[in-house]
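**Student:** These are the residues of each chain, in order.
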Amino acid sequence: MNHAPSASIALGMALAVILAPAAWAEPGSDAHVPARPSEPPPSLETTLERLRQLNRANQPAPVAGSDQTGRLDRAEQDRIADQLRGGWTYDAGAARNARMTVTLLLTLDADGNIRSASIDPADQPHLSDPAYRAFAERALRAATNPRVGPLRLPKDKIFDGAQLRVRFRP
Amino acid sequence: MTDLLSMPLRRRGLVAASTALLAAPALWTRPAHAQGTTATGSAVIDVDRARTDPIPVAIPVFVGAGGDTERLGRDIAGVITNNLARSGLFRPIDPAAFIGRTDGGATPNFQNWKAIGAQALVTGKIDSQGGDKVRVEFRLWDVLPGLQIQGTAYTTTLGNWRRIAHIISDVIYERMLGEKGYFDTRVVYIAGSGPRDRRVKRLAIMDQDSENNRFLTDGGFLALTPRFHPTRDQIAFMSYVNDKPRVYLFDLGTGRQQMLGNFPGITLSPRFAPDGNSVIMAQTTASGSDIYLVGLGGGARRLTDSGAIDVSPCFSPDGTQIVFNSDRGGDQQLYVMGADGSGSKRISFGRGRYATPVWSPRGDLIAFTRQSSDTFAIGVMRPDGSGERILSESFFCEAPTWAPNGRVLMFYRETAARDSRGNGYSSRLVSIDIAGFNERAIATPTDASDPAWSPLLQ
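Line by line, the protein sequences are chains A and B.
For what it's worth, our numbering labels the leading residue of the first sequence as 7, then goes sequentially.
For what it's worth, our numbering labels the leading residue of the second sequence as 32, then goes sequentially.
Hints should not be assumed to be uniformly reliable.
What the hints assert, rightly or not - Quick look at which bits of chain A chain B covers, simulated, 3 or more residues with Cβ under 8 Å:
(1) 71-81
(2) 96-107
(3) 133-143
(4) 154-165
Stated by the list, open to error - Example chain A residues on the side facing chain B (calculated, C-beta under 8 Å, incomplete):
(5) ARG147
(6) THR150
(7) ASN151
(8) LEU170
(9) ARG171
(10) VAL172
(11) ARG173
(12) PHE174
(13) ARG175
(14) PRO176
What the hints assert, rightly or not - Chain A residues, not near chain B, derived (Cβ > 10 Å throughout):
(15) GLU51
(16) THR53
(17) GLU55
(18) ARG56
(19) ALA116
(20) GLY118
For the record, the hints were derived by calculation from the structure and aren't laboratory data.
Being a predicted model, the structure only gives us computed values, none of them experimental.
For each residue, glycine too, the CB sits at the ideal point set by N, CA and C.
Produce the entire structure from the sequences given, and follow the hints as far as they go.
**Tutor:** Set out below in structure tokens:
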């Protein structure tokens with residue numbers, strides 16, 4: 007009877023591969039020579055990747071469009087902020103820019119590409135102010151700048167279709 | 032616009048967005064929330080430490096329809112490119128990097144412009160309308176979402192092409208930065224020539240990009256401190272006609288000039304009130320000088336009577352206050368008082384003497400000249416005297432004037448130089464962004480001083 011592996015079983019199997027690699031005998035020794043594997047031995051990275059895949063397979067997919075920002079820990083948030091900062095510019099001499107903030111909702115695909123970017127509905131009423139609109143549009147350009155993305159999302163979490171909430175300020 | 036901004040990028044159509052011209056009150060000013068959390072407690076990723084890089088913009092030659100329109104297309108694109116580059120807030124991309132062409136009107140292939148790093152694209156075309164009339168059409172595109180964000184057409188005469196280029200530059204500036212531009216403006220200044228001990232000083236005027244320079248007076252009488260009327264083609268300035276230093280009005284349309292008021296002493300440092308109906312200026316007295324408000328239709332009212340030297344008055348843009356400099360405290364400092372002369376209060380407390388205060392058209396800053404030991408500086412401070420910042424220093428610099436959007440200052444600087452008579456000096460106009468960067472020399476055909484920036488042309 008086939009069962010989908012539970013998270014704990016999958017984790018145990020993956021760890022077993024790491025902790026108990028096949029024993030390779032020295033040439034000419036009397037030790038039992040195991041059958042040569044058809045594939046090279048797994049590296050640490052490929053093993054970890056398998057582990058991540060198994061973890062992802064056991065996660066519920068986020069509801070499309072749902073805010074998943076809270077699933078990121080501080081280090082993961084900082085890493086994404088660093089990336090977006092690469093395209094974030096503002097006009098330091100503009101009269102009120104120093105006090106402005108704008109929050110964007112970024113919808114992602116599985117690879118961290120920003121599928122769409124929109125201004126948080128709470129900030130949209132301020133767009134009738136041309137200075138605020140210019141500020142908000144610079145944030146949109148930072149988020150959609152092809153030289154900035156795709157975002158480096160944690161590989162053990164699913165973000166396909168999810169939204170991140172990002173607040174830009176000078 | 033709200034709808035467009037919230038649409039998924041790949042679904043956004045090419046829709047011309049209307050420009051919201053009314054500045055809303057600062058609704059967006061909200062209390063700062065803890066990092067990583069919104070007001071409602073939701074998690075948020077904070078992106079701060081923005082850079083101040085200029086916006087990369089591509090400005091291909093406007094497409095002409097043969098004849099003069101071809102040349103005009105190159106010239107208009109060139110003026111727009113130079114204006115935006117000079118502001119320091121845009122970085123026009125070298126046309127040699129362009130991939131493909133535009134036809135001036137149709138939707139561009141945005142991939143070509145993304146590939147060269149453009150974030151904004153300006154396209155345009157020019158059609159002859161018969162005679163010397165042309166129709167200049169331009170579109171501003173937001174390259175990353177692939178969206179037209181401005182589109183305007185102007186019908187004008189061939190000879191007016193330069194103003195159209197400045198107007199388009201202002202539209203681009205305002206749409207991309209959210210503040211009015213300053214390209215469709217002029218600068219009046221004092222053109223100087225000859226040796227320092229026998230200097231000829233003439234009133235001169237030019238476009239803000241140094242084009243269309245012309246001299247307004249012949250140099251027969253010394254001219255100083257010109258100022259633009261806020262709405263009319265008129266200049267107030269000081270002139271030594273018949274060796275009597277007085278304030279005059281100069282009509283740019285007719286070239287006629289007339290003395291303002293009939294005062295016994297010297298009148299100097301004029302500046303129009305924001306409503307354009309009067310001029311505020313200083314008049315010398317036996318004990319010093321006082322500040323007067325003089326109506327263009329007649330009448331005058333004395334606003335100060337300190338027994339000291341009160342000069343260089345300038346109204347706040349709302350007309351409720353006046354900044355001036357005075358030595359009433361024993362040293363030359365800046366003071367602010369009510370428009371009726373009441374409640375004067377000293378606002379400058381730094382080292383040195385302060386002079387030539389000018390209130391920003393935005394109302395948020397006062398520019399000044401400061402002299403300390405052997406150095407002159409151009410700086411700004413808030414109207415209450417706080418936040419003093421020095422923008423530029425040199426052996427001698429003086430007389431700041433604001434661009435009409437309150438974003439750029441122009442002043443003049445003297446440096447040692449050699450002229451035909453041996454040791455001499457050179458006097459040049461300089462502009463600088465109020466953020467303290469992008470200092471640029473302003474070209475003039477002769478030495479230049481005392482610049483005054485016009486409002487946006489009507």
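**Student:** Decide, hint by hint, whether the structure agrees.
**Tutor:** Going through the hints against the structure:
1. Note: the stretch 71-81 of chain A has 5 residues with beta-carbon separation from chain B under 8 Å; the three-residue rule is met and the coverage holds.
2. For the stretch 96-107 of chain A, the proposed coverage by chain B is satisfied: 10 residues have a C-beta within less than 8 Å of a C-beta in that chain, meeting the threshold of three.
3. For the stretch 133-143 of chain A, the assignment as covered by chain B holds, since 11 residues bring a beta-carbon within under 8 Å of that chain's beta-carbons and 3 suffice.
4. Figure legend: the stretch 154-165 of chain A, annotated as covered by chain B; annotation inconsistent (0 residues with Cβ-Cβ distances under 8 Å, at least 3 required).
5. Below 8 Å, beta-carbon pairs count as interface contacts, and ARG147 (chain A) has one with chain B at about 5 Å; its hint therefore holds.
6. Of the supplied interface hints, the one on THR150 (chain A) holds, with its beta-carbon coming within about 5 Å of a beta-carbon of chain B, less than 8 Å.
7. Annotation: interface hint on ASN151 (chain A) holds; nearest CB of chain B at approximately 7 Å, less than 8 Å.
8. Because the beta carbon of LEU170 (chain A) sits about 6 Å from the nearest beta carbon in chain B, less than 8 Å, this interface hint is met.
9. Among the interface hints, the one on ARG171 (chain A) holds; its C-beta lies about 5 Å from the nearest C-beta in chain B, closer than the 8 Å criterion.
10. A distance limit of 8 Å between C-beta atoms decides the matter here; for VAL172 (chain A) the minimum to chain B is near 5 Å, and the interface restraint holds.
11. A hinted interface residue such as ARG173 (chain A) counts as satisfied when its beta carbon comes closer than 8 Å to some beta carbon of chain B; here the least separation is about 5 Å, so the hint holds.
12. Interface restraint check: PHE174 (chain A) against chain B, minimum CB-CB distance 5 Å, threshold 8 Å, status holds.
13. This hint holds: ARG175 (chain A) has a C-beta 5 Å from the nearest C-beta of chain B, less than the 8 Å allowed.
14. The interface hint given for PRO176 (chain A) holds, since its Cβ lies 5 Å from the closest Cβ of chain B, which is under the 8 Å cut-off.
15. Every C-beta of chain B lies more than 10 Å from that of GLU51 (chain A), the closest at about 27 Å, which supports listing it as non-interface.
16. The Cβ of THR53 (chain A) sits about 30 Å from the closest Cβ of chain B, beyond the 10 Å cut-off, so the non-interface label holds.
17. Every beta carbon of chain B lies more than 10 Å from that of GLU55 (chain A), the smallest distance being close to 25 Å; the non-interface claim holds.
18. For ARG56 (chain A), the shortest C-beta to C-beta distance to chain B comes to about 29 Å, beyond the 10 Å cut-off, and the non-interface label holds.
19. The claim that ALA116 (chain A) lies off the interface holds: its Cβ sits roughly 16 Å from the closest Cβ of chain B, which is beyond the 10 Å cut-off.
20. For GLY118 (chain A), the requirement that its beta carbon stay farther than 10 Å from each beta carbon of chain B is met, with the minimum near 13 Å.
Checked against the numbered hints given earlier, this structure breaks only hint 4.
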